[in-house]
Amino acid sequence: MHYPLLWLAFAPAVGVVLALGLEISVQGCLLALMGSLGVLWFALRRRRMVFLCAWVVLLNCGLSRVAFLRSESPNNPLSGVHTFKVLKKSEAARFISEEQTRWTLIDIGGQVFLWRVPKNVRARIGNRYRSKLHLEPMQPGLNGELLNILRARLRPATWVAISEGPAVLVEHASGLRSAIDDRRVGVAQTLAQSWQGNYLGVALALALGTRAALPEPLKRQWNDMGISHLLAISGLHLGLVGLFIFYALRVVGGLLLFGRGVSMLRRWAAGIALTGMWMFCFWVGEPVSAVRACLMGSVLFGGLVFRVSHNGFNALGLAGLVMVLCDPQCLLSIGAWLSFGCTWFLLLAANRPRAFETSWTTSWLTMTAVPWLATLPLCAFCFGELYIWGVPANLFAIALASWLVTPAALLGASFCFCGFGVPEILEWVLVIGFDSIQTLLGFLMKTGWTRVQISMTDACLLSVTVWPWLVAWLRGQPVAGIKAAAPGLLLAFLATLWSTLPLERTLQVYMPYVGHGDATLVEFPGGEVMLIDAGGTGYQSNYDPGERAVAPLLRKRGHTHIDYVVMTHPDHDHIGGLDYILSRFSVGELWLDEQFLGHERVLPLIAKVEQLEGEVRVFQDLPAMLKVGSAVLEPIYPRRLDEHLKYGSTNERSLVFRIEHEGRSMLFTGDVNVDVETLLLSKLKQTEFLKVAHHGSDTSSGERFLDVVQPCLAAVSSSHRGRGHFPHPEVVARYKASNTQLFQNRDRGALRISALASGWRVESVLAPSQDVDCTTR
8 MHYPLLWLAF APAVGVVLAL GLEISVQGCL LALMGSLGVL WFALRRRRMV FLCAWVVLLN
68 CGLSRVAFLR SESPNNPLSG VHTFKVLKKS EAARFISEEQ TRWTLIDIGG QVFLWRVPKN
128 VRARIGNRYR SKLHLEPMQP GLNGELLNIL RARLRPATWV AISEGPAVLV EHASGLRSAI
188 DDRRVGVAQT LAQSWQGNYL GVALALALGT RAALPEPLKR QWNDMGISHL LAISGLHLGL
248 VGLFIFYALR VVGGLLLFGR GVSMLRRWAA GIALTGMWMF CFWVGEPVSA VRACLMGSVL
308 FGGLVFRVSH NGFNALGLAG LVMVLCDPQC LLSIGAWLSF GCTWFLLLAA NRPRAFETSW
368 TTSWLTMTAV PWLATLPLCA FCFGELYIWG VPANLFAIAL ASWLVTPAAL LGASFCFCGF
428 GVPEILEWVL VIGFDSIQTL LGFLMKTGWT RVQISMTDAC LLSVTVWPWL VAWLRGQPVA
488 GIKAAAPGLL LAFLATLWST LPLERTLQVY MPYVGHGDAT LVEFPGGEVM LIDAGGTGYQ
548 SNYDPGERAV APLLRKRGHT HIDYVVMTHP DHDHIGGLDY ILSRFSVGEL WLDEQFLGHE
608 RVLPLIAKVE QLEGEVRVFQ DLPAMLKVGS AVLEPIYPRR LDEHLKYGST NERSLVFRIE
668 HEGRSMLFTG DVNVDVETLL LSKLKQTEFL KVAHHGSDTS SGERFLDVVQ PCLAAVSSSH
728 RGRGHFPHPE VVARYKASNT QLFQNRDRGA LRISALASGW RVESVLAPSQ DVDCTTR
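Residue numbering for the sequence shown is 8 to 784, as defined by my numbering.
Be aware that one or more of the hints could be misleading.
Keeping only pairs whose Cα atoms sit at most 27 Å apart, straight-line, the calculated DSSO-like set for lysine-lysine is [what the hints assert, rightly or not]:
(1) LYS615 to LYS634
(2) LYS490 to LYS453
(3) LYS690 to LYS634
(4) LYS615 to LYS690
(5) LYS634 to LYS692
FYI, nobody ran anything at the bench for these hints, they're computed from the structure.
Turn these sequences into a full structure, and let the hints guide you.
Here it is, written out as structure tokens:
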């Protein structure tokens with residue numbers, strides 16, 4: 008067996024995966040572990056089946072690790088006044104926008120909490136504060152995300168702490184970690200004297216490991232081109248640090264020793280380089296890719312120190328083995344998947360058969376294309392996107408980042424750490440390298456679409472097609488690669504053919520959880536797709552509801568094109584995610600009130616639709632009855648006859664419309680209030696399903712309105728905490744009094760509401776499905 012450590016790394020991973028579906032006790036795992044150790048000792052004595060027994064021992068280690076994590080069930084702490092210590096380093100807080108919500112880890116009586124840092128607090132590692140805290144367990148994933156569900160099974164629930172009063176500093180930090188944290192802030196301040204804007208954000212990302220200072224447009228641009236990994240600490244940066252220290256010491260030492268003691272000098276240089284890599288990893292906050300690179304470097308440089316043979320695959324195996332045992336959750340981390348998967352394919356490419364060797368230019372192109380191809384299915388599965396210009400962008404960006412941008416940022420930070428300013432030559436090197444990359448990206452973006460949306464099904468088919476072919480090709484067997492990819496290509500063809508068949512569908516409504524906001528997806532029986540708003544809390548924090556909730560739902564349902572996007576009104580909590588959606592999905596028509604055509608928040612969205620050749624339609628110009636496939640849509644408000652109603656707020660001009668199909672009916676009301684509901688009573692008719700207005704506020708859902716509509720079920724979109732505490736108790740009481748079943752996605756998670764012959768079926772993530780019979784209404 009050529010790579011024993013690589014195969015042994017699978018053992019604890021298998022144990023962790025088994026633990027996800029088993030209810031195991033610590034005592035049982037310890038007994039199994041002791042038994043497997045006894046079998047291993049016997050196998051060592053007999054020198055038979057040693058590897059298999061070691062594999063079983065590590066498998067039991069993975070099971071035991073998860074059992075210990077689950078046994079650490081935290082006590083139910085009480086809210087109140089607490090004194091606590093900050094455990095997580097500051098993110099160069101001076102350069103973080105005050106508008107962003109910041110979280111850090113704190114220790115309260117030996118228990119770790121996630122604390123939302125007040126805006127007026129500069130939290131530093133080791134500082135002690137006193138504040139009145141509201142403590143509660145973090146809610147599980149509400150969009151049916153498999154990763155969140157599996158993570159919840161690995162360890163106890165995370166508790167959050169929210170200050171209900173001022174946070175008072177009672178003790179300043181002391182010790183090595185706090186001194187390093189203060190030094191990080193000092194380095195960031197010095198770097199800010201040399202670079203500003205995008206340059207400063209890149210320098211802080213590469214030298215301190217914080218992406219908080221990177222402007223959002225820059226992050227989106229690099230992400231769309233598939234080179235965002237260059238803005239994060241990765242194996243590339245750790246490799247540059249280690250190799251620079253190693254070769255610098257060898258050159259300087261060789262000059263001082265006049266070429267004598269070369270072997271000893273190489274061993275010392277390897278040891279110091281390895282120490283430098285680990286120090287830098289600690290400095291930037293121990294991200295997954297940096298830890299993996301340091302563990303691999305420990306094998307490679309350790310082999311030089313102790314004169315032991317080594318290879319890259321065993322180094323990768325050891326890194327995976329250590330990381331799984333230390334943190335089993337890394338198995339469910341997208342960053343770990345990308346880091347380890349990309350490295351494995353790069354090692355496979357570096358160990359190609361000799362007959363496969365070509366010129367350095369071909370090798371350079373191959374080593375650039377391989378990571379793109381290796382991560383293509385993974386990015387499609389995790390992010391739902393294919394990056395068209397990944398190869399040419401990486402081809403030049405990696406070279407410029409490796410030889411200009413990253414060295415300039417690291418060396419500049421080193422000078423700042425030593426108390427000096429950034430030399431002018433390094434300032435210019437970073438600026439030139441970064442501007443060169445930006446020029447290339449700008450040229451590529453002018454060519455058209457930089458990314459393609461892909462559904463979850465297609466992403467799975469892509470993985471069973473690309474990966475087998477890539478493995479066979481790198482092993483020098485291109486014909487075998489084509490044969491390996493053939494089943495995936497056949498499945499892709501059959502899936503495409505199946506999607507074009509005229510299958511009988513039902514009317515379905517999806518309501519993902521988007522925090523305080525509204526987002527509704529309607530699938531019509533004829534296959535048409537309508538998205539009604541895509542809002543949430545994107546304007547209050549880094550959470551983008553379009554990216555995190557709406558887009559995954561669309562891709563999961565296999566939609567990369569939206570026939571109709573309905574903007575009920577331009578409030579943040581209704582259009583917070585539309586910018587992301589309209590930037591990535593093609594749109595047939597955008598509907599909105601003509602009063603908002605010139606609204607400052609709406610103009611950029613209209614431009615995105617028109618850029619992709621979509622049509623913008625004014626709600627008032629829609630016909631009185633509109634056919635959407637076999638369903639009928641009735642625009643109700645506002646219409647031309649309602650123009651004498653000059654309301655001042657955007658809520659009062661929310662679009663109201665009704666959809667009906669084969670006896671099933673739905674009414675969408677945006678954020679209209681009781682006054683508008685009263686004016687519309689003569690236009691309304693009995694409707695089975697009601698989308699509750701204004702998140703269940705007591706300003707809507709009037710009694711007269713409910714008497715006219717007489718819904719048999721209603722759904723409300725609201726947040727667990729924060730603005731308004733919707734739905735209001737009096738509104739819930741009104742629906743109960745009208746004998747209407749009310750479903751809340753804040754309690755049930757993402758809702759799926761399907762039309763049945765007798766009514767509707769409501770399915771959700773956190774509650775069993777329920778059928779609602781509307782025939783008796």
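Which numbered hints fail: 2 and 4
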